[in-house]
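**Q** Between the sequences and the hints, there should be enough to build the whole structure, so can you do that?
Which chain is which? The protein sequence lines are U and R, in order. Residue numbers for the first sequence follow my numbering, so the first one is 1 and each next one is one higher. Residue numbers for the second sequence follow my numbering, so the first one is 1 and each next one is one higher.
For the record, the hints were derived by calculation from the structure and aren't laboratory data. Be aware that a few hints might be false.
No distinction is drawn between identical chains; accordingly, a pair holds when it is met within one copy or between any pair of copies.
[What the hints assert, rightly or not] With a straight-line Cα cutoff of 30 Å, these simulated BS3-like cross-link-like pairs (lysine-lysine) come out:
(1) K45 x K278
(2) K255 x K184
(3) K40 x K389
(4) K269 x K117
(5) K42 x K269
(6) K3 x K164
(7) K178 x K20
(8) K74 x K269
(9) K255 x K20
(10) K74 x K40
(11) K45 x K3
(12) K178 x K74
(13) K232 x K40
It should be emphasised that the depicted structure is a prediction, and the values quoted were computed from it without experimental measurement.
Number of protein chains: 2
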Amino acid sequence: MRKVAIVGVGHTPFSFLAEKTVVELFSEAAMEAIISSDLKAKDIKAMFVGNVLGDFSEGQGMVQSFAADEIGAKNIPASRFEGACASGTMAIRDAFMWVASGFYDIVIAGGVDTTSKMGTALGTRTFAMFTDSHYEYPSGLTFPGAFGMLCHLYSVKYGVPLAKLKRQMALVSVQSHKYGQYNKLGQLHNEVTVDEVLSSAMVTSPLQLYDCCPFSDGAAAIVLASEEAARKLTDEPVYITGVGQASSGRYSSQKEYLPRLRARDISVKQAYDMAGIKPEDVDICELHDCFSIASIIAVESLGFAEFGHGGELWENGEADIRGRIPINMSGGLKSKGHPIGATGASQVCDIVKQMRGAVEAQRQVEDVKIGLTDTLGGDGIICNLVLEKGW
Amino acid sequence: MRKVAIVGVGHTPFSFLAEKTVVELFSEAAMEAIISSDLKAKDIKAMFVGNVLGDFSEGQGMVQSFAADEIGAKNIPASRFEGACASGTMAIRDAFMWVASGFYDIVIAGGVDTTSKMGTALGTRTFAMFTDSHYEYPSGLTFPGAFGMLCHLYSVKYGVPLAKLKRQMALVSVQSHKYGQYNKLGQLHNEVTVDEVLSSAMVTSPLQLYDCCPFSDGAAAIVLASEEAARKLTDEPVYITGVGQASSGRYSSQKEYLPRLRARDISVKQAYDMAGIKPEDVDICELHDCFSIASIIAVESLGFAEFGHGGELWENGEADIRGRIPINMSGGLKSKGHPIGATGASQVCDIVKQMRGAVEAQRQVEDVKIGLTDTLGGDGIICNLVLEKGW
Chain U
1 MRKVAIVGVG HTPFSFLAEK TVVELFSEAA MEAIISSDLK AKDIKAMFVG
51 NVLGDFSEGQ GMVQSFAADE IGAKNIPASR FEGACASGTM AIRDAFMWVA
101 SGFYDIVIAG GVDTTSKMGT ALGTRTFAMF TDSHYEYPSG LTFPGAFGML
151 CHLYSVKYGV PLAKLKRQMA LVSVQSHKYG QYNKLGQLHN EVTVDEVLSS
201 AMVTSPLQLY DCCPFSDGAA AIVLASEEAA RKLTDEPVYI TGVGQASSGR
251 YSSQKEYLPR LRARDISVKQ AYDMAGIKPE DVDICELHDC FSIASIIAVE
301 SLGFAEFGHG GELWENGEAD IRGRIPINMS GGLKSKGHPI GATGASQVCD
351 IVKQMRGAVE AQRQVEDVKI GLTDTLGGDG IICNLVLEKG W
Chain R
1 MRKVAIVGVG HTPFSFLAEK TVVELFSEAA MEAIISSDLK AKDIKAMFVG
51 NVLGDFSEGQ GMVQSFAADE IGAKNIPASR FEGACASGTM AIRDAFMWVA
101 SGFYDIVIAG GVDTTSKMGT ALGTRTFAMF TDSHYEYPSG LTFPGAFGML
151 CHLYSVKYGV PLAKLKRQMA LVSVQSHKYG QYNKLGQLHN EVTVDEVLSS
201 AMVTSPLQLY DCCPFSDGAA AIVLASEEAA RKLTDEPVYI TGVGQASSGR
251 YSSQKEYLPR LRARDISVKQ AYDMAGIKPE DVDICELHDC FSIASIIAVE
301 SLGFAEFGHG GELWENGEAD IRGRIPINMS GGLKSKGHPI GATGASQVCD
351 IVKQMRGAVE AQRQVEDVKI GLTDTLGGDG IICNLVLEKG W
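**A** Printed below as a string of structure tokens:
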């Protein structure tokens with residue numbers, strides 16, 4: 001298989017109640033990615049779009065087909081991917097294969113959603129469709145509820161007192177806002193303190209308001225090209241050297257693993273093995289912090305901390321900008337926002353910009369050569385990508 | 001790229017108001033495909049599922065992840081594809097690439113929907129999301145409306161008097177029911193006459209009830225394998241030798257082509273060129289007859305008739321079982337039913353069975369070596385597959 005490079009990236013602002021539609025938002029991100037790749041829309045041979053709720057938020061299905069037409073990439077194959085919050089990464093992983101195989105030289109992939117248009121309450125209920133709707137949801141389970149239960153399970157299983165865990169979780173949110181405030185494309189630009197997190201409104205015990213990411217609208221896209229095509233277009237290609245994906249089914253079917261997600265263990269191993277790297281080789285990571293506890297659970301399976309010790313990365317500054325493994329320097333889902341289908345693509349965009357030294361100075365990590373993205377969808381689809389600086 | 005074969009197929013009954021859920025239906029089709037391939041679920045390395053409305057009909061998103069878990073294909077990558085009615089074919093085309101590239105040896109692909117659970121009125125309104133929801137749908141456009149207008153346009157553009165066109169359309173439905181009555185897995189088992197079609201209830205002028213396919217519930221799946229793996233599993237591999245996909249955007253953006261769909265011209269050319277065949281080489285075709293007029297429009301772009309002369313295939317018996325190009329011997333969407341995400345996969349299943357001499361005697365075409373599937377999604381995603389008998 002051929003090497004596949006990211007040539008250009010595009011990213012709309014993430015916001016609450018965007019005025020634009022899903023088709024318009026994705027088109028905006030796509031055109032930025034295409035123009036910054038020194039290409040025209042007609043050079044794009046296929047489109048891969050993660051979109052979860054365009055049909056629910058705007059009554060618009062099949063957004064990819066309309067977006068391809070909108071940007072002038074007439075008649076190209078355009079596919080929509082849905083794996084809940086992992087949809088954008090799923091679309092990129094799939095686009096990777098169509099280029100790696102030699103079928104296409106230049107394609108575009110990314111994601112979009114306008115989830116905030118449903119409001120937080122309806123959005124939360126709607127999004128509960130990505131649990132098992134016949135056994136889990138009727139018991140009252142929504143995703144805040146599920147992650148609340150994972151907190152309690154984590155505390156018991158690893159013997160971390162809940163008060164200590166909650167302080168670690170607060171530190172996760174504090175760091176996300178600390179860097180997210182500088183991300184011009186992010187949604188929230190306020191700093192928060194540990195005390196503010198711990199005194200914010202209770203959402204679902206023990207998760208409080210500042211443990212939870214917001215609903216957001218936005219889009220992100222990247223242009224992928226074969227190595228040969230990429231070298232003609234940019235001096236700064238970022239290679240996708242590892243891809244991983246796995247699924248878990250409903251929570252009850254993975255109860256012997258929880259709070260650890262079996263799909264993440266498998267997915268990230270695929271990505272690391274394919275790239276030929278180990279966790280300690282990773283210079284930066286954007287991971288799926290839909291809730292603060294999710295970050296702590298994630299870093300353990302990603303190999304950055306022992307199981308039961310994830311929170312210490314934030315206590316010790318190891319996840320900070322000059323730490324061992326800087327995490328979510330974009331602000332993460334918590335501060336940058338979480339337009340569901342766009343999130344995975346946004347993670348990729350930010351790591352590419354980090355490698356190019358192109359993010360705001362206050363959140364720029366020095367000398368990023370290898371990056372990892374981690375996206376979690378619903379009850380347990382995980383997608384991981386390893387990105388490597390190519391110059 | 002490697003050759004890719006279909007090893008086994010699975011197909012639930014298509015019905016109105018199935019008792020099973022989307023996850024259960026897809027699992028049933030998947031297990032039949034796996035068992036008939038002499039495999040176990042653990043041999044399947046990835047799953048690709050077309051599903052359009054699981055979230056609307058049952059409040060179940062991400063059906064693929066739960067289905068993979070349900071059948072015991074634990075933790076495999078499972079992706080959902082949405083391109084309206086073309087979703088199932090889109091999933092198969094994508095699965096093809098993951099095997100052709102050498103990444104996976106054995107995967108499963110297919111589709112499922114339980115559209116009828118919404119009822120015809122709500123289903124029609126919901127499905128209108130696959131037109132442009134900001135410009136087209138608010139004008140009152142649903143898909144019966146769109147195809148009704150295409151009838152009038154066809155009549156005017158090609159100078160076929162509407163009365164003549166309506167009789168040709170009726171012949172399409174008559175033939176679909178003629179063969180569909182024998183398809184044990186189909187939804188409708190009654191024969192209809194031209195007079196019955198032309199005296200059935202008016203839906204949207206000039207489309208009458210028997211010009212329209214029903215809403216249906218059901219699933220279909222196929223196991224795809226590399227040539228090497230397939231040869232160990234079956235003496236009757238069916239190769240996918242050509243794939244095509246294209247999109248059109250909203251109807252208004254393709255108005256210079258209509259009633260011809262530009263995406264179909266492009267998609268089928270990709271598939272024919274890749275397979276190295278011409279339309280006259282095709283022995284059997286399953287095409288997207290969501291409305292009777294859709295069949296007439298389709299055969300022209302597929303190269304089976306001159307533009308403006310599609311209906312003559314049914315007038316002259318050329319589309320019949322012993323004709324030049326037997327079409328929709330399964331009963332098509334009209335008689336077999338149309339569980340949206342499953343339709344493309346169902347087309348593939350039926351052609352594989354035709355090649356294996358495994359369909360009901362009354363609808364078995366002799367000596368099928370090359371088959372073509374054609375699936376249309378929403379405002380204009382088209383997917384085509386060329387299948388070739390490998391023994």
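**Q** Run every hint past the structure and note whether it holds.
**A** Each hint, compared with the structure:
1. K45 x K278: Between copies only: 24 Å across chains, 34 Å inside a chain, cut-off 30 Å.
2. K255 x K184: neither (40 Å within a copy, 41 Å between copies)
3. K40 x K389: within (24 Å within a copy, 41 Å between copies)
4. K269 x K117: Answer is neither: 37 Å inside a copy and 41 Å across each miss the 30 Å cutoff.
5. K42 x K269: The answer is between: 19 Å across copies meets 30 Å, while 37 Å in one copy does not.
6. K3 x K164: neither (45 Å within a copy, 56 Å between copies)
7. K178 x K20: within (28 Å within a copy, 49 Å between copies)
8. K74 x K269: Result: close only across copies, 16 Å inter versus 38 Å intra.
9. K255 x K20: between (41 Å within a copy, 25 Å between copies)
10. K74 x K40: within (12 Å within a copy, 42 Å between copies)
11. K45 x K3: Cα proximity of K45 and K3: in one copy and across copies (17 Å, 23 Å).
12. K178 x K74: Neither. Shortest intra-copy (42 Å) and inter-copy (39 Å) distances fail the 30 Å Cα cut-off.
13. K232 x K40: For K232 and K40, only the intra-copy Cα distance (14 Å) is at most 30 Å; the inter-copy one is 46 Å.
Comparing the model with each earlier hint shows violations of hints 2, 4, 6 and 12; every other hint is respected.
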